[in-house]
Amino acid sequence: MIDLAPLWLTLKLAAVTTLILVLLGTPLAWALARSRSQWKPVAEALTALPLVLPPTVIGFYLLVFLSPSAPLGAAWRDATGQALTFSFAGLVVASCLYSLPFMVQPLQSAFESLGRAPLEAAASLRAGPWDAFFSVVLPLSARGYLTAVVLSFAHTIGEFGVVLMVGGNIPGRTKVISIAIYEQVETINYAQAHLWSAGMLAFAFVILLLVYTLNRRFPVHLG
Amino acid sequence: MSALSLDIRLQQGDFRLNAVLEAELAGITALFGPSGAGKSTLLRAIAGFDRAEGRIGFDGLTWQGPDRFVPPHQRGVGMVFQDARLFGHLSVAGNLRFAARRAAGAITQDTVVQALDLAPLLSRRPASLSGGERQRVAIGRALLAQPRLMLMDEPLAALDLARKAQILPYIARLPGMFGIPVLYVTHSVEELAQIADRLIAMQDGQIVASGPLAQTFARLDIGAGGSRFEGGVILRAQVAGHDAGYRLTRLSVAGHELVMPEAALAIGDTVQLRVRARDVMLATARPEGLSAQNLLAGRITEILSEADTPFAEVFLDVGGQGLRARVTRAAVDQMGLRVGAQAFAVLKAISFDRRVG
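Line order of the protein sequences matches chains H and D.
Numbering follows our numbering, in which position 138 of the first sequence is assigned residue number 185; successive positions increment by one, without gaps.
Numbering follows our numbering, in which position 171 of the second sequence is assigned residue number 306; successive positions increment by one, without gaps.
These are calculated hints, taken from the structure and not from any lab test.
The beta-carbon is built from N, C-alpha and C at its ideal position, and this holds for glycine as well.
It cannot be assumed that every hint is accurate.
Unchecked claim - Pairwise CB distance ranges (calculated):
hint, chain 1, residue 1, chain 2, residue 2, range
1, D, ARG151, H, PHE250, 36 to 46 Å
2, D, SER170, H, PHE250, 28 to 38 Å
3, H, ALA164, D, GLY314, 43 to 53 Å
4, D, ALA262, H, PHE112, 45 to 55 Å
5, D, ARG298, H, TRP177, 46 to 56 Å
6, H, LEU71, D, GLN209, 41 to 51 Å
7, D, ARG186, H, PRO118, 34 to 44 Å
8, H, ALA90, D, ALA239, 33 to 43 Å
What the hints assert, rightly or not - Some but not every residue of chain H turned toward chain D, in silico, with C-beta under 10 Å:
hint, residue
9, ALA95
10, LEU96
11, PRO97
12, ALA121
13, ARG124
14, ASP125
15, THR127
16, ARG163
17, PRO165
18, ALA168
19, SER171
20, ALA174
21, GLY175
22, LEU187
23, ALA189
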């Protein structure tokens, strides 16, 4: 029987990463959408970097910065007693960075297409900035959020290089599906590799189909 | 009466707003001027959406001062935008509730729904409403936020003439029903004549005149340098009766009778008539045998000669209302027109605007 641990680990990693990215990506995307600063292109380029960098480059730098001998890694080890590298927490950090553009870009374009108009309307109805964000911006950006969440989740599931560099291949801790497939192929266990790969293929297709379908006809109506 | 007091400057690209104003706001005050005069910019500064330099105060509250900027949501200013800006994720009822939930006051949802005939729309989505319906909902929503001051930024600009005519009466009723002063941006003389009580005129980023409608309007183009504005006056008249045979409506202005093509008005209704200065002829004696039937007798109060043009503007008092005629300077001299003399004014054309209430 196939060992399902990589599946659960993959789903857990994607879920935790997506959740953190919603919380981090929202203010970042909002700031980028609202900003008229001359530094905005710099911030946008930095945010988009993970799209074009080879995962090994991201993985390499993460390995350097997260290792217990670097300040960040050391602080984490002092706080938790565990190293960030080759741990689930390290994978989460790496995935957040790797999938960041997939959260920020759809949100930013959703916020930009919304413009100032609904915010001004809300302000004229006595809604303060936070109130207006939660009662107007969020519901009106629901489609952008859906796209961002689905893409970030799916992209995290599909990552390989960064995970391998930062997490290695520790069953139950860092061995996600993509690593499991790599391992099966390395050990010439093609039957298992086929199972995982076909599953990933179907999953990716269904997810993308979902995104494109919803993008076309998802009426945002909330009472 | 509420008082609006401001002294602000705002640079936007090539455009510079430099507005100084001390105005009483009562009923509907039209913020009037040609496109690009800065009307909407001024309105947005009053609402707090755009940050101008300077000072803005309303009814003893300082909204903006040297070390103070009250954010828009704390000003209690209701805004009706040209494009309505209803929240697309909420139904009409949801849009109204959005406002009602955030403000407590005397204006209830029932009154608003009734005043603006919103009952049939409540369960609809904003996307399914016509332009006119959207603006009615937007007005209702703004009212439910219990504003101290209502700002309307050309709310009818996107509507066709028939829809405009349907909505104007709703807007005209607002100050009387809800006791909220309205500042209404428009570049249309017709809208101005139909609903305004007071007038603030803007040109090239500056406020050029402010005061009660008839007086202010009558002197609007004077000293406004190079404006192509059609000078004239607005007269208030009562509907005296109809002449079914000739298909005419009889109006009474300061004891004089005017006639105009039959209009669907009730006897006793008050209407405002726009009379352009160039459509008024003057006579020193009561003229006979003219095809123009509308004749008003008055007294000349002022004659303004425009030195380097052929023209002069003659102001008359007709039973307490102002009238203005554009004649040649030669005619003034040859007829011996002078201040204090009696004159008869023949109105060649009247454009007529319905006024409810």
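Now the hints, each set against the structure:
1. D:ARG151 / H:PHE250: 36 to 46 Å: Once the Cβ atoms are compared, 59 Å apart, the range 36 to 46 Å for PHE250 of chain H and ARG151 of chain D is violated.
2. D:SER170 / H:PHE250: 28 to 38 Å: violated (56 Å)
3. H:ALA164 / D:GLY314: 43 to 53 Å: Distance hint for ALA164 of chain H, GLY314 of chain D is violated at roughly 29 Å.
4. D:ALA262 / H:PHE112: 45 to 55 Å: holds (49 Å)
5. D:ARG298 / H:TRP177: 46 to 56 Å: violated (37 Å)
6. H:LEU71 / D:GLN209: 41 to 51 Å: Roughly 30 Å apart at Cβ, these two residues miss the hinted range, so it is violated.
7. D:ARG186 / H:PRO118: 34 to 44 Å: holds (41 Å)
8. H:ALA90 / D:ALA239: 33 to 43 Å: holds (42 Å)
9. ALA95: violated (29 Å)
10. LEU96: violated (34 Å)
11. PRO97: violated (32 Å)
12. ALA121: Violated, because the Cβ-Cβ distance from ALA121 of chain H to chain D comes to roughly 44 Å (cut-off 10 Å).
13. ARG124: For ARG124 of chain H, the interface hint is violated, since the closest Cβ of chain D sits about 45 Å away, which is over 10 Å.
14. ASP125: violated (43 Å)
15. THR127: Cβ of THR127 of chain H sits 42 Å from chain D, so the hint is violated.
16. ARG163: Holds: closest Cβ of chain D sits about 8 Å from ARG163 of chain H, inside 10 Å.
17. PRO165: Holds - the Cβ of PRO165 of chain H comes within 10 Å of chain D, reaching about 7 Å at its closest.
18. ALA168: holds (4 Å)
19. SER171: holds (4 Å)
20. ALA174: holds (6 Å)
21. GLY175: Check passed: Cβ of GLY175 of chain H comes within 5 Å of chain D, closer than 10 Å.
22. LEU187: Holds. Min distance 6 Å.
23. ALA189: Holds: closest Cβ of chain D sits about 8 Å from ALA189 of chain H, inside 10 Å.
Of the numbered hints stated above, those contradicted by the structure are hints 1, 2, 3, 5, 6, 9, 10, 11, 12, 13, 14 and 15, listed in ascending order.
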